[in-house]
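Visitor: Construct all of the structure, not just a fragment, from the sequences and the given hints.
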Amino acid sequence: MTTGSSVMTQHGTGEESAGSGSGTQDSIESVFDEAQYGPIAFRDLARIDEGLTMASRETGLWFTLYLGDLGSDTRGTAESLHARSGPDPSHSVLVALSPGQRVLEIVTGTAAARRLPDRACALAVLSMTGRLSSGDLVGAIVNGLRQLSDSAGHPSRRH
Amino acid sequence: MPWTEVVLIYGVIPLAVFLLLALLTVLPGRGRDKTHYRPGRPWDHEPVWYEPHPDASGVHAGGPSLGNGDHGRPGLGATAAALTIGEQPHGAADTGGPRRTAAGGARGTW
Chain A
78 MTTGSSVMTQ HGTGEESAGS GSGTQDSIES VFDEAQYGPI AFRDLARIDE GLTMASRETG
138 LWFTLYLGDL GSDTRGTAES LHARSGPDPS HSVLVALSPG QRVLEIVTGT AAARRLPDRA
198 CALAVLSMTG RLSSGDLVGA IVNGLRQLSD SAGHPSRRH
Chain B
493 MPWTEVVLIY GVIPLAVFLL LALLTVLPGR GRDKTHYRPG RPWDHEPVWY EPHPDASGVH
553 AGGPSLGNGD HGRPGLGATA AALTIGEQPH GAADTGGPRR TAAGGARGTW
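Top to bottom, those sequences are chains A and B.
The opening position of the first sequence corresponds to residue 78 in the numbering used here, with each subsequent residue numbered one higher.
The opening position of the second sequence corresponds to residue 493 in the numbering used here, with each subsequent residue numbered one higher.
Incorrect hints may appear among the rest.
As the list claims (entries may be wrong) - Short derived list, chain A residues pointing at chain B, Cβ under 8 Å:
(1) Leu129
(2) Ser133
(3) Gly148
(4) Ser149
(5) Asp150
(6) Arg152
(7) Val180
(8) Leu181
(9) Gly186
(10) Thr187
(11) Ala190
(12) Thr206
Honestly, the hints are just simulated from the structure, not real lab data.
The model shown is predicted, which means the values in this text are computed figures rather than measured ones.
The C-beta atom is built at its ideal place from N, Cα and C for all residues, glycine as well.
Guide: Written out as structure tokens, the structure is:
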């Protein structure tokens, strides 16, 4: 691991950030609207969560999303992150996004690479970078995940 | 027709209609784009790692072992699933060293 960066654990509820702005009488709706937890708004976070969950559910692969700095060796950092992703890294797909460096890395494990060849990943990267260059971070993530899960298809029922 | 009436009919009324339409156009979209990202701007947020819901059925490597700790916390969505770098998220077997698991993928810049 070359980067000395530490990941923020997002175990809070997001209400701290919302409560300060909108007074004491927060309804659920206002929390949902105004909460900004970390770099991504709550509403967008829900979309990303749905994208990750649906992609994982449909394909049987373990999709994770890393959003942050990837150091100087972006590929190496992404691969070392992938080695720790999920219970079984061979079935996991890591989408690592470094908006500051403008780099996007998709890393697939050995089992995942059979379902998701490099060509499919490159296609997803292409459509994601198109959106990212116009500043649509969440749209790129959601649509990239959808494209990846479409490419991987459903898991075979033979095993 | 007095000139005030002319101004009222031909000036003020069209202006009011214009402003009304402008407000209807601009107001609903305000505050939507909370996730600010512009290409080229520095990204000074803390790194975050999101995982899918552990109860995503059909996930190959998932399973009941994921129900421990914070990962089973309901109702938080992706916020509950972020991990600390270096944390062994699922009690995976310690390999003792860097193990290369990546088999493929793609890379892109923008």
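Visitor: Now tell me, hint by hint, if it's right for this structure.
Guide: Quick rundown of the hints versus the structure:
| no. | hint | result |
| --- | --- | --- |
| 1 | Leu129 | holds, 4 Å |
| 2 | Ser133 | holds, 4 Å |
| 3 | Gly148 | violated, 10 Å |
| 4 | Ser149 | violated, 14 Å |
| 5 | Asp150 | violated, 12 Å |
| 6 | Arg152 | holds, 6 Å |
| 7 | Val180 | holds, 6 Å |
| 8 | Leu181 | holds, 5 Å |
| 9 | Gly186 | holds, 5 Å |
| 10 | Thr187 | holds, 4 Å |
| 11 | Ala190 | holds, 4 Å |
| 12 | Thr206 | holds, 4 Å |
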